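**Q** Chains A and B are the protein sequences, given in the same order.
In terms of the working numbering, the first sequence is residues 1 to 111.
In terms of the working numbering, the second sequence is residues 1001 to 1289.
By construction, these hints were calculated from the structure, which means they are not laboratory data.
On a predicted model such as this, the values are computed, not experimentally measured, just so you know.
There could be a bad hint or two in this list.
[Unchecked claim] Just the calculated beta-carbon pair ranges, DEER-fashion:
no.	chain 1	residue 1	chain 2	residue 2	range
1	B	D1066	A	T71	36 to 44 Å
2	A	T7	B	D1095	20 to 28 Å
3	B	D1091	A	V101	21 to 29 Å
4	A	V9	B	K1034	23 to 31 Å
5	B	T1207	A	S77	20 to 28 Å
6	A	E81	B	K1034	19 to 27 Å
7	B	S1220	A	V9	49 to 57 Å
8	A	N48	B	D1095	20 to 28 Å
The C-beta atom is built at its ideal place from N, Cα and C for all residues, glycine as well.
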Amino acid sequence: MSAEIVTIVAGQNLYKKGDPPSNCFILQKGSVHILNESGQKVAGVSPNMLFGEIEIFAGFKERETEAVCVTSGAAVSVPAEVLNNKLASLNKSQANLLIEVAKNAIKKMKP
Amino acid sequence: MMTDFDFAGFLDTDNQKNLVISLIKLFDSIILEKNEEKILHNISEVRKNSISKDFGGLLSALSEFDLKDISSKLSLLAVINLITPNLSVSDELSDQWEITHSNSKEIIRNKIDNFSTDYDLRYIAQISQWSENNSENAMIFQKIADLVHNIDNIEELRKKIQSHYPNDLNKLIDELDSQRTKGFVQSDIINILDKRGVDQKISSLVTLEAISQISTNQLSSDPLLEIKINEEAEPEIAFEVIELLPKIGIILTSTAGKDEGTFIFLVLCNNQNSIKMLNDINASYKEYN
Chain A
1 MSAEIVTIVA GQNLYKKGDP PSNCFILQKG SVHILNESGQ KVAGVSPNML FGEIEIFAGF
61 KERETEAVCV TSGAAVSVPA EVLNNKLASL NKSQANLLIE VAKNAIKKMK P
Chain B
1001 MMTDFDFAGF LDTDNQKNLV ISLIKLFDSI ILEKNEEKIL HNISEVRKNS ISKDFGGLLS
1061 ALSEFDLKDI SSKLSLLAVI NLITPNLSVS DELSDQWEIT HSNSKEIIRN KIDNFSTDYD
1121 LRYIAQISQW SENNSENAMI FQKIADLVHN IDNIEELRKK IQSHYPNDLN KLIDELDSQR
1181 TKGFVQSDII NILDKRGVDQ KISSLVTLEA ISQISTNQLS SDPLLEIKIN EEAEPEIAFE
1241 VIELLPKIGI ILTSTAGKDE GTFIFLVLCN NQNSIKMLND INASYKEYN
């Protein structure tokens, strides 16, 4: 299991609500919108930004959001295991803080 | 199994730029057939970049690289071709690209003059992919490599490639495709699509996997559409079409269109309702006979 470059095409869904959060991404080229369950845009992703990580940090089993490629490009796909290892390397209060921040971010994305 | 990942290294565009420079040097040293020591030095420079460790495919191709083994060379060139254009760099690196493109074009000419096996053609395809802005010629070289075992006269093929490269290779592939329909396994499928009016450039891209669940009868009679999207000019319609495609039928193949930002999908539709759904979103398509 390792990171891989994935090419993305406009209109492509990198993940959908309900998918298991098995990866996060670093956008290399192109643009991506994050949509909530009502289809409202809650975030725009530009190159060199990380996305798809909050459900992993929050410990959710399913995606709460959807990532749609707006223009074609490429992204680095990083396995969730990597983030979980990062989380495990933090001390308990740091990890709890990160988890709470992630859960709050997801709440704010709700319609 | 990956235990760590260099997020900081990826988010640093200067670091990504350094990896691109190392990969360009490595690609050049392989295709220029530099001595082993130089190539190993360039491999070592790629490995030194922290984010190279995060690409399993690259690490594996670097580990398996053997100067005497053309397969291992092809694997490494393919991985470099995949990764390098998709790294996010802090500037355009125009000088480095200009030098490597100039080297590549000269080597392609030389390799065309001397190829003898399908491996040689796949090698040319990798260099072509590297040096040209679109991958059309690279795909054609790969296709010629697939066909070369069925071609008796390599010298004749060489002359044809020499006269058609770089601008008219499409014409050559048309000619080879017409030969392929006479003897190849896929000829039945190509003939059916041909009768319905599908251009061979598209029908020859249909894979056996795509038609594995389709009967000959369905292929001959179900509504068949060429759907075109333009993600630059009509991104919203393009998005809706891509969302709709899995619902309306089976995608037989897809390919880049002639105009920038356009893609073409050959779709065998479930029924006439599929066409109505496309009309509802103002999709651009043509229906075959």
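**Q** If a hint holds in the structure, say so; if it doesn't, say that too.
**A** Going through the hints against the structure:
| no. | hint | in the structure |
| --- | --- | --- |
| 1 | B/D1066 x A/T71: 36 to 44 Å | holds (40 Å) |
| 2 | A/T7 x B/D1095: 20 to 28 Å | holds (26 Å) |
| 3 | B/D1091 x A/V101: 21 to 29 Å | violated (34 Å) |
| 4 | A/V9 x B/K1034: 23 to 31 Å | violated (37 Å) |
| 5 | B/T1207 x A/S77: 20 to 28 Å | holds (24 Å) |
| 6 | A/E81 x B/K1034: 19 to 27 Å | violated (38 Å) |
| 7 | B/S1220 x A/V9: 49 to 57 Å | violated (30 Å) |
| 8 | A/N48 x B/D1095: 20 to 28 Å | holds (23 Å) |
Of the numbered hints listed earlier, those contradicted by the structure are 3, 4, 6, 7.
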